[in-house]
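Once you have looked at the hints, place chain F on chain G.
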Amino acid sequence: MHEPELWLTKIFNDHLASLGNSLLGLVGLHNDRPWADYIVMQILVAAIILLVFALLRPRLSVSKPGKFQHIFELIYDFVQGQTKEQVGHGGHHYFAYFGTIFIFVLFMNLIGVIPGFESPTMSAPVPLGCALATFCYYNIVGVQANGIVKYLAHFAGPIWWMAPLMIPIEIVSHLARPLSLTLRLYANMYAGEQVTMTFLGLTYFLVPAVFMGLHVFVSLLQAYIFMLLTMLYVAGATAHDH
Amino acid sequence: MTKKFVVLLFLLLCATSMLCAQTPAGTAPAAADWAVPVSAGFAMAIASGLCGLAQAKAIAACAEGMARNPGSADNIKFALLLGLILIESLALYTLVIIILKVK
Chain G
1 MHEPELWLTK IFNDHLASLG NSLLGLVGLH NDRPWADYIV MQILVAAIIL
51 LVFALLRPRL SVSKPGKFQH IFELIYDFVQ GQTKEQVGHG GHHYFAYFGT
101 IFIFVLFMNL IGVIPGFESP TMSAPVPLGC ALATFCYYNI VGVQANGIVK
151 YLAHFAGPIW WMAPLMIPIE IVSHLARPLS LTLRLYANMY AGEQVTMTFL
201 GLTYFLVPAV FMGLHVFVSL LQAYIFMLLT MLYVAGATAH DH
Chain F
243 MTKKFVVLLF LLLCATSMLC AQTPAGTAPA AADWAVPVSA GFAMAIASGL
293 CGLAQAKAIA ACAEGMARNP GSADNIKFAL LLGLILIESL ALYTLVIIIL
343 KVK
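Heads up: the sequence lines are chains G and F, in that order.
Those letters in the first sequence? Residues 1 to 242, by the working numbering.
Those letters in the second sequence? Residues 243 to 345, by the working numbering.
To be clear, the hints were calculated from the coordinates, so they are not data collected in a lab.
Yeah, the Cβ is synthetic: ideal placement off N, Cα and C, and Gly gets one too.
Possibly wrong hints are sitting among the right ones.
Derived contacts from chain G toward chain F, CB cut-off under 10 Å, selection only [said to hold, decoys possible]:
#1 144
#2 184
#3 188
#4 194
#5 211
#6 213
#7 232
The calculated DSS-like cross-link candidates involving lysine-lysine, where the alpha carbons are at most 27 Å apart (straight line), are [what the hints assert, rightly or not]:
#8 G:10 - G:84
#9 F:245 - G:150
#10 G:67 - G:84
#11 F:319 - F:299
#12 G:150 - F:246
#13 F:319 - G:84
So the derived label-pair ranges between C-beta atoms look like this [said to hold, decoys possible]:
#14 G:155 - F:272: 40 to 50 Å
#15 F:278 - G:77: 23 to 33 Å
#16 G:163 - F:342: 52 to 62 Å
#17 F:278 - G:163: 21 to 31 Å
#18 G:68 - F:342: 23 to 33 Å
#19 F:246 - G:113: 33 to 43 Å
#20 F:294 - G:63: 45 to 55 Å
#21 G:77 - F:279: 43 to 53 Å
#22 G:90 - F:246: 15 to 25 Å
#23 F:302 - G:33: 27 to 37 Å
#24 G:195 - F:272: 25 to 35 Å
#25 G:15 - F:332: 42 to 52 Å
#26 F:298 - G:113: 26 to 36 Å
In isolation and in its complexed conformation, chain G is listed as follows (with noise of 0.2 Å):
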């Protein structure tokens, strides 16, 4: 089922379908419309927080903190006292991820309840795309943290002597953490919005909204959980054994 492109995503192929072509070409692909749908909604979504940002820098006070301000730092302590609650003490280092990660789901999750917009979660690349991203980062930070070998010795688990069978599942449970991450993403956003088209087509106008406003309670959930995972990942390379 080809659903047809949003109006955004053909203001790019129409005028700048050159530079999609050009950047699909450097993984030797090619495509008469080569910007999808989530590549120009993860674009938006990334040029908004930039401007959200952009407004609120100057607007930051110590003395006359505005609504704005309040709004952010209601964000800024909740990202911060689950990293405090998650990792412990070395936590800091990590929060400009953590914070990163979850208002960037946040806002892919909700910017597909505005109608003209489609969230990227949607897509299956998006949400991979943000699990490897975090399969990355919890590594590279485990071996930052640890050294190589003592991180690759955390596989071996507690008891030296049940290493051969602890490697295998300790691998595939790592292997799996990207896995879940994606597909929970992208299956409760994909499910959203097809039980919300579905019940639209089945009852009167209105009465889809209700299950809209379960999906933006499930956007919420999801990208709180995104950003939870990843702090229990990076709090779990991260431990040192004292």
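Showing chain F alone in chain G's frame:
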């Protein structure tokens, strides 16, 4: 975020892009076309049912824990949320297979 870290992260991300290589898909015989949607329906029903049972057990245990010990309600709430989401994702894996396989 040192420069070495950024370079390492970029290299690892490029390496994982190799996983995106597409393999050609095979075609199923036309005679058994009815089997895929029927088994998809049964699979999703079983997955959702078992997910519902598991989440019910989790919520029941958490509600009882919060009733017995209101002071630890925050910790229990956190464990509840995490548990519900992880159980939910198991039912969603079945949904993903259906999305991928049912025309």
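Verification of the supplied hints:
no.	hint	verdict
1	144	holds, 7 Å
2	184	holds, 4 Å
3	188	holds, 6 Å
4	194	holds, 8 Å
5	211	violated, 16 Å
6	213	violated, 18 Å
7	232	holds, 9 Å
8	G:10 - G:84	violated, 44 Å
9	F:245 - G:150	holds, 23 Å
10	G:67 - G:84	holds, 26 Å
11	F:319 - F:299	holds, 15 Å
12	G:150 - F:246	holds, 20 Å
13	F:319 - G:84	holds, 17 Å
14	G:155 - F:272: 40 to 50 Å	holds, 47 Å
15	F:278 - G:77: 23 to 33 Å	violated, 49 Å
16	G:163 - F:342: 52 to 62 Å	violated, 36 Å
17	F:278 - G:163: 21 to 31 Å	violated, 43 Å
18	G:68 - F:342: 23 to 33 Å	violated, 43 Å
19	F:246 - G:113: 33 to 43 Å	holds, 40 Å
20	F:294 - G:63: 45 to 55 Å	holds, 53 Å
21	G:77 - F:279: 43 to 53 Å	holds, 49 Å
22	G:90 - F:246: 15 to 25 Å	holds, 19 Å
23	F:302 - G:33: 27 to 37 Å	violated, 52 Å
24	G:195 - F:272: 25 to 35 Å	holds, 31 Å
25	G:15 - F:332: 42 to 52 Å	holds, 44 Å
26	F:298 - G:113: 26 to 36 Å	holds, 29 Å
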